[in-house]
Amino acid sequence: MSDIRPPQQPETENGEDGGGTEEEFSLARSNALIPLLIMSAVTVLAIVLVIVRAKPVIPPEGSVANKAFGPADFPLVFAKEEALAAPGEPTGSAPMVFPVPAPPFSEGIFPCMQCHEGIPPNPERRTLEAMHSDIVLHHDEEHRWCLDCHDTNNRDQLHLANGAPVPFTESYKLCGQCHGTQYRDWRSGIHGKRTGYWDGSKRYFLCVHCHNPHSPRFAALQPLPPPVRPQFLRPAAAAVAASGDASGARHEQEEGNGAQAR
Amino acid sequence: MGPLQFITTSARFILRGGKAYWIWVGVLLALIVWGVLGYVEQLQLGLIVTNMRDQVSWAFYIGNFTFLVGVAAAAVVLVIPAYVYHWGPIKEVAILGEILAISAIVMCLLFVVVDMGRPDRGWHLIPFIGHMNFPSSVLAWDVLVLNLYLVLNLLIVTHILYRGMQGRHYNQSFVVPLVLFSIPAAVGIHTVTAFIYAGLPGRPYWNASILAPRFLCSAFCSGPAVMVVLFQILQRTTNIAIKDAAIRKIAELMAYAMFLNLFLLGAELFKEYYSATEHLIHFQYLFAGVHGHHALVPYAWAFVICGITAFLLFLFPATRRNVVTLNLGCLLIYASCYIEKGMGLVMPAFTPDTLGEIYEYTPTIHELRIGAGIFSIGFLVFTMLCKIAIPILTGEFAAARTVTAASKAQPWAAEAASATTH
Amino acid sequence: MVRRPADDTCSDAGGLDAEETPEGVSRRDFLTAIGLAAAGVLAGCSPEAREAFFRKHFRELSSSEVETRIANLRSDYVKRFGEDVTISATPARPGVVFGYALDLSRCIGCRRCVYACVKENNQSRDPQIQWIRVLEMEKEKGIDFETANPYYNPERVPDPDHFYVPVACQQCRTPQCTQVCPVGATWQEPDGIVVIDYDWCIGCRYCMAACPYGARHFNWGEPTLPQAEFNPNLHVLGNRPRPRGVVEKCTFCIQRTRAGRYPACVEICPVGARKFGNLIDPESEVSRILREKRVFVLKSELKTEPKFYYFYGV
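Protein chains in written order, with our numbering: chain A, 186 to 447; chain B, 756 to 1177; chain C, 3 to 316.
Hints listed in this document are in silico derivations from the structure and should not be mistaken for laboratory results. Please note that the accuracy of each hint is not assured.
Unchecked claim - Computed cross-link-like contacts, DSSO-like style, restricted to lysine-lysine with a CA-CA straight-line distance of at most 27 Å:
(1) C/K305 with C/K141
(2) C/K295 with C/K305
(3) C/K121 with A/K387
(4) C/K143 with C/K305
(5) B/K846 with B/K1142
(6) C/K295 with C/K143
(7) C/K143 with A/K358
(8) C/K81 with C/K121
(9) B/K1026 with C/K305
(10) A/K378 with A/K358
(11) C/K58 with C/K81
(12) C/K143 with C/K301
(13) A/K378 with C/K295
(14) C/K301 with C/K141
(15) B/K1026 with C/K301
(16) C/K141 with A/K378
(17) A/K378 with C/K81
(18) C/K295 with C/K141
(19) C/K295 with A/K387
(20) B/K1026 with C/K81
(21) B/K774 with B/K1026
(22) A/K387 with A/K358
With the hints as constraints, model all of the structure from the sequences given.
What follows is the structure in structure tokens.
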């Protein structure tokens, strides 16, 4: 910073470019700056206009793209609160017996012996026609049929391959014969739906609570809706203001709640 | 004279000006009001009025912040020739570079404030009063370093102008160490800002060691470009004697910086395109578009072409000297660096995001308003500080004050008159 | 509840610059004037606003201050939602580090976990925030984020050519987010959960830029939560309704897990793909899975060392 006296003695420059013989290009003598500034202002303005001109794309009515779903839209999935797990680990007196909820019988079907008491058992493999015709076996049906699992003489229980009886409440032992890996995992708690306490009682479900024993492969189901895409994240009021299309966005919001809960 | 007189005299300087000055100030004030109203709306509704979302959580504001930190750091391009090499033509105008640095840092801090979700909790950042996660968080470092740099430049400028208004020379043993310290400080602010990005392994576009050098090089291109244009404007509109040699030297230094800028860009492009790992996708999005998304492609090519053209214009002394090509080159490099540091740095890192999603971001009118307001505040600060500094620099003020003192027989005139004889 | 900061928050008076002793106005007068102005501003604010402004970082609160805070929150929520709430501040239990394991061979992409999480953790419904993101990936490509799609919506899942990877906070052992927060508003608790003090966060979103898993979410607008959908069992660091302008993320259902229960996502999963437990306990499900199944983590090259493992159960 030079002294603040008026510059009567200009400081000497380093010897470069020949000093004062250089042509002076001071702007006072040129008018290029103004056109350049105007050009840049116009360019900036043009860019800004291009950016703000872009209109938001409103997806068609009813599309999931910009509807913000929440769990309240799916009461059937979330309504029921699971009761806490029944207490207890398997007790020493009865190893490998896990407390489980009641087997998911069809209404009125159990106890089976109330019908089968008077019916002579027919161990011949056949397609059932008189009763239970609604059950179609999709479970190794090439090699197995009903009485490979259901006990021939006492329909209120199942049986293992060696004939040992297994109550319905312990049907996992039967499944575990063939599906040993899953059975081992289920016993440790790493297979199957998990609820309860991680440091206390856990609820164990029977295999059949999730897997239909006659057709165990899960059916595909409809997924819950995808998240709102980020470009449509504005809450309804702001979206209305931004799009300027009051009827469209609001109508979508209103009908969304009723129509989407499937 | 005391501080109060300093303030009142400065106020008089600011309020004295011709028609062009008042039109300029009027435009700035209008933009500031427009911007402030936009910010008020943002405070009311939340940041949702911007187009930032979880996928692109930093965008326009932080892009501008990063660019302006570079402009602030570029004061060092003036300081080094002035105070290390004692080169006269630049030494006379070094203070203008420091004033630019102050304005730029003010803009940076404002951009950070408008980007925060909870500006009312800003005090949490103050060390010892709040809780600053130092030294772990690079953002904490940046808060410290930026404010340090601002205080540094404010001290230097205020001291020089205050002494100048008193008619005294500035205290060399006070100013020179501070100025010399501002050289590593300037490098420091931009390095720390680069480290904010470079330290994130989750964003591979940023997680490169070349980021800090690239930042510095583009800073040393864009900041001086502003200065070159501003010096020409000041030459035309004020009495200040800015030597053309100063402008020429700055342009020459810019040429070196531009070469390094292009070289480092080339190095990055080679590494990404040649290795062609999955991280290439960010560059592909920038330069070619990905999966049908190509909003940034024209801007990317614009910044490359502008940068190369500007470099060529500055490479040859003839075009560097010619006033049209000089200013064209300044414009081009400024635009190139602005795009590169703004849209070209922040957005491709978030596109695609960490889980592969592509959300194409464009600023909303709120962001543009607030940005325009903040730039106007910066320009206004610069204008006002120059309004105070230039009469002192040109000696106008000293001369006028001696006359006034004699005619009005102010009590402090005797002290001041004796001061001018030092 | 839109509050304009300009109206009812208080800001300290600006700093003072050290100048030479002025001859006109004495320094003492200047300081007095500033002090009076600041006092006037502070006195004019409401006590809630004052308390909110000067509130300390959660980790620096004494237990009685935590109690006071909880009491204030409780009255706040009772007013907003019209029902009584339980807010706990249960600390971490010693000898517990939570881990999570997700079976990719079982996940069918039904998204029930996503919405159960929303319900349990009082997330904003509009603008929508979801802490869990399920990515549909192509079987041919394996884990490849570039071709992942979170917006899948077929008639039925699982789609035969795709598999599904739900992603939420990985609760990393060396989290990037806690490292970069400039005010220390997010930290890792001793039981491994990375938590956020919603009253301390300044909303700078550096943690969101740092997270490699996109696990952190921001309240861009004023969060809305209908009264009917409010879950009143809260934890002060977990699922209490968040204010605008702060970051939030999965907390392993801290309100449930510190009380010994499973997170909501674990319980709702219809196919049992999600497992949770204490990594220190060798007999927990998660420890068994680590031993018996082959697990991996996402983006392991970043060395974040997540406690959220993925494995293929079949």
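Taking the hints in turn, this is what the structure says about them:
As the CA atoms of C/K305 and C/K141 are separated by approximately 26 Å, the hinted pair is consistent with the 27 Å bound. For the proposed pair C/K295 and C/K305, the alpha carbon gap of about 21 Å is at most 27 Å, so the pair holds. At most 27 Å may separate the alpha-carbon atoms for a hinted pair to count; C/K121 and A/K387 meet this at roughly 22 Å. For the hint linking C/K143 to C/K305, the alpha-carbon distance of about 23 Å falls within 27 Å, and the restraint holds.
Distance check on the hinted pair: B/K846 and B/K1142 sit about 19 Å apart at the alpha-carbon level, within 27 Å; holds. Note on C/K295 and C/K143: the hinted pairing holds, with a Cα-Cα distance of about 22 Å set against a maximum of 27 Å. A hinted pair counts as satisfied when its Cα atoms are at most 27 Å apart, and C/K143 with A/K358 does not qualify at roughly 38 Å. As the CA atoms of C/K81 and C/K121 are separated by approximately 20 Å, the hinted pair is consistent with the 27 Å bound.
Proximity of B/K1026 to C/K305 is assessed by CA-CA distance (about 23 Å); at most 27 Å being required, the pair is judged to hold. A threshold of 27 Å between alpha carbons decides the hint, and for A/K378 with A/K358 the separation of about 18 Å falls inside it, so the pair holds. Taking the CA atoms of C/K58 and C/K81, the gap is about 24 Å. The hint holds against a cut of 27 Å. Under the criterion of a C-alpha separation no larger than 27 Å, the hint pairing C/K143 with C/K301 is consistent with the structure, at around 16 Å.
Of the pairs offered as hints, the one joining A/K378 and C/K295 holds, with about 18 Å between alpha carbons and a cut-off of 27 Å not exceeded. Pair hint C/K301 plus C/K141 holds up; C-alpha atoms about 18 Å apart against a cutoff of 27 Å. For the given pair, B/K1026 sits about 21 Å from C/K301 by alpha-carbon distance, which is consistent with the 27 Å threshold. For the hint pairing C/K141 with A/K378, the CA-to-CA distance comes to about 25 Å; that is within 27 Å, so the pair holds.
As the CA atoms of A/K378 and C/K81 are separated by approximately 37 Å, the hinted pair breaks the 27 Å bound. Pair hint C/K295 plus C/K141 holds up; C-alpha atoms about 20 Å apart against a cutoff of 27 Å. Simply put, C/K295 and A/K387 have alpha-carbon atoms about 21 Å apart, close enough for the 27 Å limit, and the pair holds. For the suggested pair B/K1026 and C/K81, the alpha carbons sit about 59 Å apart, so the restraint of at most 27 Å is broken.
For the hint pairing B/K774 with B/K1026, the CA-to-CA distance comes to about 54 Å; that exceeds 27 Å, so the pair is violated. Restraint check for A/K387 and A/K358: satisfied, since their Cα atoms lie roughly 19 Å apart, inside the 27 Å limit.
When held up to the earlier numbered hints, the structure conflicts with 7, 17, 20 and 21 and fits the remainder.
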